Amino acid sequence: MKDETWLEAFVHELEAAGVGPEDRAGAVVETEGFLSEAGSGAFEQFGSPQEYAAAVATALGQSGRRADPPPGGGDAVVVSGVSKSYRRQVVLREVSVRVGSGEVVVLTGPNGAGKSTLLRLIAGLERPDAGSIDVHGTVGYVPQAGGLDPYLRAEAHFELFGTATGLDRDEARREGNRLARELGWDAGSATVAGELSGGTAQKLSVIAAMLGRPDTLLLDEPYEGMDADSQRRFWALLWAWQDEGRSALVSSHSPGALAKATSVVEIEGLTVR
Amino acid sequence: MSNIQLPVGWIRGVLDPCLLALLSSAEAYGYELAGRLEQAGLGRVPGGSLYPSLLRLEKQGLLVADWRAGDGGPGRKYYQLTPAGQSALCEHVGLWDEFAARVTSVLGAGVES
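Each protein sequence line maps, in turn, to chains U and B. Okay, so the first sequence: first residue is 1 according to our numbering, each after it adds one. Okay, so the second sequence: first residue is 274 according to our numbering, each after it adds one.
Careful: at least some of the hints might be erroneous.
[As the list claims (entries may be wrong)] Computed cross-link-like contacts, DMTMM-like style, restricted to lysine to aspartate or glutamate with a CA-CA straight-line distance of at most 25 Å:
#, chain 1, residue 1, chain 2, residue 2
1, B, 332, B, 289
2, U, 2, U, 44
3, B, 332, U, 243
4, U, 2, U, 224
5, U, 2, U, 13
6, B, 332, B, 305
7, B, 332, U, 227
8, B, 332, U, 244
9, B, 332, U, 15
10, B, 332, B, 300
11, U, 2, U, 15
12, B, 332, U, 224
13, U, 2, U, 37
14, U, 2, U, 75
15, B, 332, U, 51
16, B, 332, B, 364
17, U, 2, U, 227
18, U, 2, U, 229
It is worth saying that the hints were derived from the structure and are not from the lab. Computed from a predicted structure; not experimentally measured.
Using the sequences and the accompanying hints, generate a full structural model.
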C-alpha cells in the first residue's frame with residue numbers, strides 16, 4: 001500500500017472512530033512528518049490504518065463513536081428553489097441547498113451544472129430569477145480564478161485582506177504566513193501573485209478569504225491545481241475551520257472530496273436542447 | 274549503545290515513563306524521541322506505538338504540545354513536560370526501582386530452583 005493511500009484510509013478510519021477534525025488533522029500531519037523523516041513505509045511503522053486509527057482514538061478517549069455535531073446547529077446558508085437563466089438558457093432550476101453552522105458541504109455535479117453560478121448568487125454578486133437565498137452572518141467568496149492582484153506579493157495580500165477585518169499589519173502577515181505553512185507553502189519568500197502557479201495562487205486566495213474570518217467560506221473548485229499533499233492539508237485546514245463553528249460550501253468534481261465533507265449536494269446538469 | 278532484541282510488550286509497558294524522562298530535560302517532537310530511545314539502546318520504537326503514548330500523556334495533562342513549522346516539510350508537534358508530568362515522572366522513578374527489585378528477586382529465585 002502506498003503511503004498516500006494509507007494516509008487517505010487513516011483519515012477515514014479516524015473519522016469513523018469519532019476523532020474530531022482538529023485531532024484528525026494533527027494526527028495526520030504528525031504521522032506524515034514521522035514517515036518523511038523515518039523514510040520507511042507507513043504500514044511498517046504504524047500497522048494497518050484501521051489499527052492505528054483505533055489506537056489514536058483510544059489514546060484520545062474517543063473510541064467507537066462519531067464526532068459530536070458542532071455546537072450551534074443553526075443555519076449558515078439556506079438556498080430554496082433558486083433558478084437562474086442567462087439569455088433564456090436555464091443554468092439553475094429550483095435548486096435547494098442548506099449549509100448548517102459548523103458544516104462543510106460539498107457541491108458536486110458535472111461541468112456546466114451551475115456550481116459556480118450558485119456560489120456567485122450566494123456571494124451576492126448576482127441575483128436569482130426565482131427562489132430565495134438566506135445568508136446568516138458573513139460570507140467570503142473565492143472564485144475559481146482571479147481575485148488576486150497580480151502585481152502584489154503574497155504578504156501584501158495578507159495585509160490587505162487582514163487589515164480589512166481589523167487585524168493590524170503584523171498580525172495579518174503572521175496569520176497569513178501561519179495559514180500558508182499549514183498548506184505547506186512558504187509565503188514569505190513568494191513572488192508577486194501574477195507569477196504564482198495555479199495551485200499556489202489558489203492557496204493564496206483561500207488564505208486571503210480565511211483572513212476575513214467570514215462565517216461561511218464559498219470556495220469554487222479550490223484545489224484545482226494543488227498536488228495531493230496540498231489537497232490533504234487544505235482539508236485539514238477546513239476541518240480546523242469547521243472546529244471553530246464556521247462553515248464552508250465547496251464546489252468540486254473531485255470524488256475524493258466527497259468523503260471528507262459533512263454532506264454532499266449534487267446539482268444535476270441541465271441538458272441544453 | 275547497541276540495541277538488544279526485546280520481547281514484544283516490554284517497551285510498551287515502560288514507554289510512557291521513558292518519554293516523560295526524555296522530555297524532562299528538553300522539549301522534542303515525535304521522531305526525535307524515537308531517535309533518542311534508539312540511541313539509548315531500546316531499539317526502534319515504531320510510530321504506531323509512539324504517537325498513541327504521546328497523545329495519551331498529552332490528554333492526561335502530563336505533556337503539552339506546540340505546533341511549529343518543519344524545515345520545508347510538514348509541521349512538527351513539540352512536546353513539553355508539565356509540572357504534573359514532572360511529578361508523575363518522580364512517582365514512576367520510585368515505582369520502577371521498587372518493581373525492578375521485585376522482578377529481579379523473582380527471576381533470581383527462578384534461576385536458583
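A quick look at each hint next to the structure:
1. For the hint pairing residue 332(B) with residue 289(B), the CA-to-CA distance comes to about 13 Å; that is within 25 Å, so the pair holds.
2. For a cut-off of 25 Å, the pair hint linking residue 2(U) to residue 44(U) stands: about 11 Å separates their Cα positions.
3. For the proposed pair residue 332(B) and residue 243(U), the alpha carbon gap of about 18 Å is at most 25 Å, so the pair holds.
4. With a C-alpha separation of about 23 Å, the suggested pairing of residue 2(U) with residue 224(U) holds against the 25 Å cut-off.
5. The hinted pair formed by residue 2(U) and residue 13(U) meets the criterion: a straight-line CA distance of about 16 Å does not exceed 25 Å.
6. Among the hinted pairs, residue 332(B) with residue 305(B) is consistent with the structure: their alpha-carbon atoms are about 20 Å apart, no more than 25 Å.
7. For the hint linking residue 332(B) to residue 227(U), the alpha-carbon distance of about 33 Å lies beyond 25 Å, and the restraint is violated.
8. Pair hint residue 332(B) plus residue 244(U) holds up; C-alpha atoms about 20 Å apart against a cutoff of 25 Å.
9. For the proposed pair residue 332(B) and residue 15(U), the alpha carbon gap of about 19 Å is at most 25 Å, so the pair holds.
10. A C-alpha spacing of about 17 Å is found between residue 332(B) and residue 300(B), which places the hinted pair at or below 25 Å, so the restraint holds.
11. A hinted pair counts as satisfied when its Cα atoms are at most 25 Å apart, and residue 2(U) with residue 15(U) qualifies at roughly 20 Å.
12. The hinted pair formed by residue 332(B) and residue 224(U) fails the criterion: a straight-line CA distance of about 37 Å is larger than 25 Å.
13. Between residue 2(U) and residue 37(U) the CA atoms are separated by roughly 16 Å; this keeps the pair inside 25 Å, and the hint holds.
14. Annotation: proposed proximity of residue 2(U) to residue 75(U) is violated, straight-line Cα distance about 40 Å (limit 25 Å).
15. With a C-alpha separation of about 20 Å, the suggested pairing of residue 332(B) with residue 51(U) holds against the 25 Å cut-off.
16. Between residue 332(B) and residue 364(B), the direct Cα distance comes to roughly 19 Å. Compliance with the 25 Å bound is thereby established for this hinted pair.
17. Restraint check: the Cα-Cα separation between residue 2(U) and residue 227(U) comes to about 16 Å, which is no more than 25 Å; the hinted pair holds.
18. Distance hint between residue 2(U) and residue 229(U) is fulfilled; the C-alpha atoms sit about 13 Å from each other, no more than 25 Å.
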